[in-house]
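Engineer: From just these sequences and the hints, can you work out the full model?
Chains as they are written, first to last, in the numbering used here: chain A, 172 to 458; chain B, 7 to 274.
Treat the hints with care, since some could be wrong.
Said to hold, decoys possible - Label pairs and their in silico Cβ distance ranges:
(1) B:R241 to A:T356: 17 to 27 Å
(2) A:K177 to B:R72: 30 to 40 Å
(3) B:G238 to A:A231: 49 to 59 Å
(4) A:F314 to B:S251: 30 to 40 Å
(5) A:Y191 to B:I38: 32 to 42 Å
(6) A:S312 to B:G118: 57 to 67 Å
(7) B:P70 to A:Q289: 46 to 56 Å
(8) B:F255 to A:Y191: 27 to 37 Å
(9) A:G302 to B:R72: 50 to 60 Å
Keep in mind that the hints were calculated from the coordinates and are not lab data.
Quick caveat: nothing in here was measured; it's all calculated off a predicted structure.
Glycine included, C-beta positions come from ideal geometry on N, C-alpha and C.
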Amino acid sequence: MSIELKNVDYVYDSGEPFEYFALRGISLHIDDGAFVGIVGRTGSGKSTLVEHLNGLLFSARGDVIVDDEIVSNERTVLAKVRRRVGIVFQYPEDQFFAETIFEEVAFGCRNYGFSKEQVDESVHKAMSTVGLDPERFLSLSPFQLSGGEQRRVAIASVIAMGQKYIILDEPTAGLDSGSKLAVLTELESLRQTANVTVILVSHNMDEVAEFCKQVVVLDGGTVAFQGSTDAFFSDADLVDRTGLELPQSYRLARALKECGSTLTVNECSTDRMLDSLRLCVSDLGGA
Amino acid sequence: MALSRSFVLGQHYPGTSVVHRSGALVKLVSTIALMIGVFVATKTAQYIPIAFFLVVGIGVSRIPLRFFARGLKPILFLIVLTVVVQIFFTPGTPVWQFWFVRVTREGLGLAGFILCRLVLLTLVSVLLTASTSPIELTDAVSDLLKPLSHIGVPSAEIALVMSIAMRFVPTILEETERIIRAQVSRGARIGEGSLVVRMKSFIPILIPLFVSSFRRADDLAVAMEARGFRVGSPRTRYHARHFQSFDAFILLGTAAALSGVILWRLFL
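Structural biologist: This is how it looks when you write it as structure tokens:
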């Protein structure tokens, strides 16, 4: 079971003066239980791609397959696909409408016909997953929270539905650095404990290097790279060609290599990079 | 996407034709004059001068015909309804009869007349809005209202309100689509079920929309004031436009079409 795209094209305003191919011949594969990053410069087709995965957009050509189900405009298929794939959009707190956080988070569960007990349980679980104390928050209005808390409530309102695939479009945009890290760590623990596949659309390469094992790189509506995150960031030319930046840790590793240093640092996260650097330096000092 | 596409009436089709480049005020005045002409006519044949002028305008504008066809779509129901009512309920000489259903010659004539009237009115306004950007159009309206400022009508403010409203129509439509996508992804079924359920299904769209519109209004007010906007101070225009030769052609053509209709009605 997995998400698979076969040769998908998508055209905006087909036949109009503004006609524009947003996606061209996209083929990709996302494994169950993976933490996958989707990256690419602005306008490379990330958001358009993501909207194909739960049937908000339909490909002009090619198939989008979610767990053996070809996504189509048919009602029963759409219901199945949306039941499996959840999307947290950019600035998801803009969708708030309910009087209390409980109602907000319960909205999706109710739409999918959860029983009263199931709704209660799912809401509490989702709130704990995003690190908000249910007892303290559930009766508040979602509009009176801080930005970071609002973002978490919005994420909780999607993960409460218990979907198998969760897609997040820039979930950390506009958050302070503490909240950024917390949100992503919560997602990683969700992936591990509930075997949820997490798909992260992001402009922040440090985030991607740290959390995503695999990465899909889009450029001009086509797939420029697909595979392990480490393999992508190790190819500095490709990173540059696709209009992206190297993560801090990879830049440091590269700079060290260029000046002929024998120091090796852990590249996948800035924290671990600093740890291994400290270790190396204290080794040097000791010698 | 789907939502913004259904709003053709009042949509701009960018281009570089003479019709696109001529002054918005000229086109607006011409449109109003043609509409008056349409209402002046009392017989179908009297529409000929206006139809001729319109066909030339559409041809010169190089806007595809299907764009105009889409503009007619929203009023299709109205057209069909009026035509049917005219055909079946006008008393006169019957040309066809079955049981109590009767079609009269007068009914057919009147139906054709009304059909032409509605189609002409729509096409004239579609040509105006298709060939003129909303911003140009609001500038034109403010020019048209300017004489009224002498009797205390705040024409500059009205124009500003209009241009802000126009400017934000696409933004708010986009915002609406964004919110719909988010709520649909949370399992919302919009516009399905019984009337009450359907009404309720709009709450998760309308409330976020209001919240974001108020926030947007606030931001816009701050941004405008930060750039020196003051209510009531005199305003200059970034795109100053001068009268050009094809503006004169449009005005002359309009005058010819309008007087054609009036003369036809009075003397033929």
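Engineer: Look at each hint and say if it fits the structure.
Structural biologist: Results for each hint:
1. B:R241 to A:T356: 17 to 27 Å: violated (53 Å)
2. A:K177 to B:R72: 30 to 40 Å: Given about 33 Å between the Cβ atoms, the range holds.
3. B:G238 to A:A231: 49 to 59 Å: holds (52 Å)
4. A:F314 to B:S251: 30 to 40 Å: violated (58 Å)
5. A:Y191 to B:I38: 32 to 42 Å: holds (36 Å)
6. A:S312 to B:G118: 57 to 67 Å: Between S312 (chain A) and G118 (chain B), where Cβ atoms are some 60 Å apart, the hint holds.
7. B:P70 to A:Q289: 46 to 56 Å: Because 53 Å falls inside the window, the suggested range holds.
8. B:F255 to A:Y191: 27 to 37 Å: 36 Å Cβ-Cβ, so the 27 to 37 Å window holds.
9. A:G302 to B:R72: 50 to 60 Å: Given range 50 to 60 Å: holds, Cβ gap about 54 Å.
Hints 1 and 4 from the list above are not met by this structure, while the remaining hints are.
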